[in-house]
Amino acid sequence: MNPSALPRILPGLRGSRALRWTHTRLGQLQRTFDKALPQTHCPLTAAFYTSSYVPRKKVMFPGALDSEYTHELRFASNVESIPTYQVMDTDGKVLDAANDPQVTEEEARKIYKNMHVLNVMDQIMYEAQRQGRISFYMTNFGEEALIGSAAALDPRDQVFGQYREAGVLLQRGFTIQQFMDQCYSNEKDLGKGRQMPIHYGTKELHFQTISSPLATQIPQAAGAAYAMRREGKKLCAMCYFGEGAASEGDFHAGLNMAATIGCPVIFFCRNNGYSISTPSIEQYRGDGIASRGIGYGIDTIRVDGNDIWAIYAATKAARKIAVEQNKPILIEAMTYRISHHSTSDDSSAYRSKKE
Amino acid sequence: MVTPLACQHRAPARQIARLAKRLYSSAAEINSFEPVRGMDLGVAHSKLLLRSVASVQASSELQSLGVADSDTKKMNMCQAINDAMRHALSADNTSVVFGEDVAFGGVFRCSVGLADEFGRERIFNTPLTEQGIAGFAIGMAAMGHTAIAEIQFADYIFPAFDQIVNEAAKYRYRSGNQFNVGGLTIRTPCSAVGHGALYHSQSPEAFFAHVPGLKVIMPRSPIQAKGLLLAAIRDPNPTIFFEPKILYRSAVEQVPVDDYMLPLSKAEILKPGKDVTVVGYGSQIYALENAIQMIERDMPGVTCELIDLRTILPYDAETVINSVNKTGRLVVAHEAPRTQGFAAELAAEIQERCFLRLESPVQRVCGLFVPHPLVFERFYMPCAVRTYEAIKNSLSY
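First to last, the protein sequences are chains A and B. To convert, note that position 88 of the first sequence is 88 in my numbering; the numbers rise steadily by one, no gaps. To convert, note that position 329 of the second sequence is 329 in my numbering; the numbers rise steadily by one, no gaps.
Simulated from the structure, these hints should not be mistaken for laboratory data. Just so you know, not all the hints are guaranteed correct.
As the list claims (entries may be wrong) - Which residues of chain B face chain A? A few of them, derived with a C-beta cut under 10 angstroms, are:
no., residue
1, H87
2, S90
3, F136
4, E167
5, L374
Said to hold, decoys possible - In silico lysine to any residue, SDA-like type, Cα no more than 25 angstroms apart, as pairs:
no., chain 1, residue 1, chain 2, residue 2
6, B, K47, B, L264
7, B, K271, B, D69
8, A, K234, B, F179
9, A, K203, B, R234
10, A, K234, B, F118
11, A, K327, B, K271
12, A, K233, B, D69
13, A, K58, A, G297
14, A, K320, A, Q131
15, A, K203, B, K271
16, A, K192, A, Q131
Unchecked claim - Which residues of chain A face chain B? A partial, calculated answer using Cβ under 8 angstroms:
no., residue
17, Q158
18, G249
19, G297
Where is the CB? At the ideal position from N, CA and C, for every residue including glycine.
Chain A on its own, in the form it takes in the complex:
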């Protein structure tokens, strides 16, 4: 296409920079079309291919440039489930030496200690709520391995959580006293006693204040990541959410925007099988949340959410891609919510003790 024809067709593009961009883009399209031209060898059919008509193998519409024409009427559906990355066996032994996390003993001890502290703190605070000391609490039983993702981040990476990320805060250095201050809404609470328990937030540790509406943090994380990209400090945003929150419109909006605009954000889905009482089979019908990432053009990985080194390795690799290439990554961590949803929930109402 002759670039000098552009002003007539697209009158808005008078600026030279916009014009150059369009010209480059049209050149790319042109080259894609040229590559798609088939070679005709058959003498019989060659007669049909006059110089004015050449059938194209690839679709010409700008919406799907790589799609090829097919004459088979077939509806695409999910055939293969995305595999789940795992590093250790159930005894904690690293199965493939190439996957060894390469952390120091000091770091490994810190992570292990934080997993225990989280577990014990949850037990005590659950009891505290039952005793009437605090109004509400949410435990993290079964999801302690999330701490591995926090260990893989830079301490200045901005964290946007949902509500079951107390482990991330512990790993970052939030003290037991600070946890208590927020849960008891006392005068030392950083949030000034304005929110229900477990709605933690700390500017010092780059952990955005938790809010109750679900999935609202997802497009916010994309925006924050874009701001960090503009600052050029090679930092990323880390966005946690559950598989239920991934049904919200904000999930779709956030991932699509991160992919199209180019935001260094890691979307970390904790797929723990339940949204309060709703099991995942009632939450979605596709191949988990990971399959959706592919739909948005986002590089995706599924990991064993109870394997701390798998989470650690995936997050570390994701961070590198996000920060160096300014694009989002989706990690789906498969785990199980051992606890009740919160102190206001009794999960024996919808699942058996045996489960």
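Following the hints, put chain B in place on chain A, whose structure we already have.
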């Protein structure tokens, strides 16, 4: 004007222009071309617009800001908004403008030339998702950047309602002031345009005026739009800036080219009077101006005080109260539907603060409580005639 068939192919341009008058439009009175009862109505004939350099120099508010004597340029409202964004982008390197179709210039041309000047990294298109746009803007503002997000029509702001109400408005409060989204400004075209019908004509300011933590602004003219938008962008609170779209081209003034900010939460008395206070904002101001002209012509000796609220939340109650304490009568007008519209808030507040001074009930002239119609828009709108009637009722109570 009927042209004989034989001459039609040679009809001069002027005749064609008159024939081409938009017959489809409900012809919002604001753009009425024909004089009514000998009076010239609408924005085109408004005396409130500062069309000459002399009128700009005479403006006391612009004098107090020090821009009354600066260079001016004839601009319509969309050019003034474009100019304001240019100033904001030049002064603040963290500021970005984004939304649907803003990169090429915007569907209303408000962002023309910005992408060329500041680059596609700062002026960019987003996918079609208002909740995404609002959430993304909140995320950028939470990092201390200045996010100027555009929602293509105010009618489509509702998918973003959760992000705006539950997140943006409460961000600072819920974090104990550790985080805030003061750098967030949402710009959106609003109000009737004559042919917009249900989904291109709404004025949803009342929904947002009910949210603690937000600021809501609606300008009436190019000079106001530029100054208020710059103030909104730089205000350390999340702000929604409603732009009456019918004024984009029809309101033209000599706008100071300098960077200036008009005060937020400060109403402006456009015309002093002693008998009745008339309050409005946005494009409604011109209907009110016409109604007042008709009243003052039909009832000699009566003078009406016209107030432009400018900022709807937090609104300047003091100016209205002082005026009502002087006149004893109040008429409030807005395009949005009557029930639970912003006039209800103003009426309740004034009757509480000025009860014994009021000589007549507070009159509300609003859109009818129906969805915004197309062919019958003329009956829906709180036009100059309905306002005239309300003022008359107030005066003769």
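Problem set entry | Non-conforming hints, listed in increasing numerical order | Violated hints (numbers, rising): 1, 2, 5, 11, 12, 14, 15, 19; every other hint is consistent with the structure.
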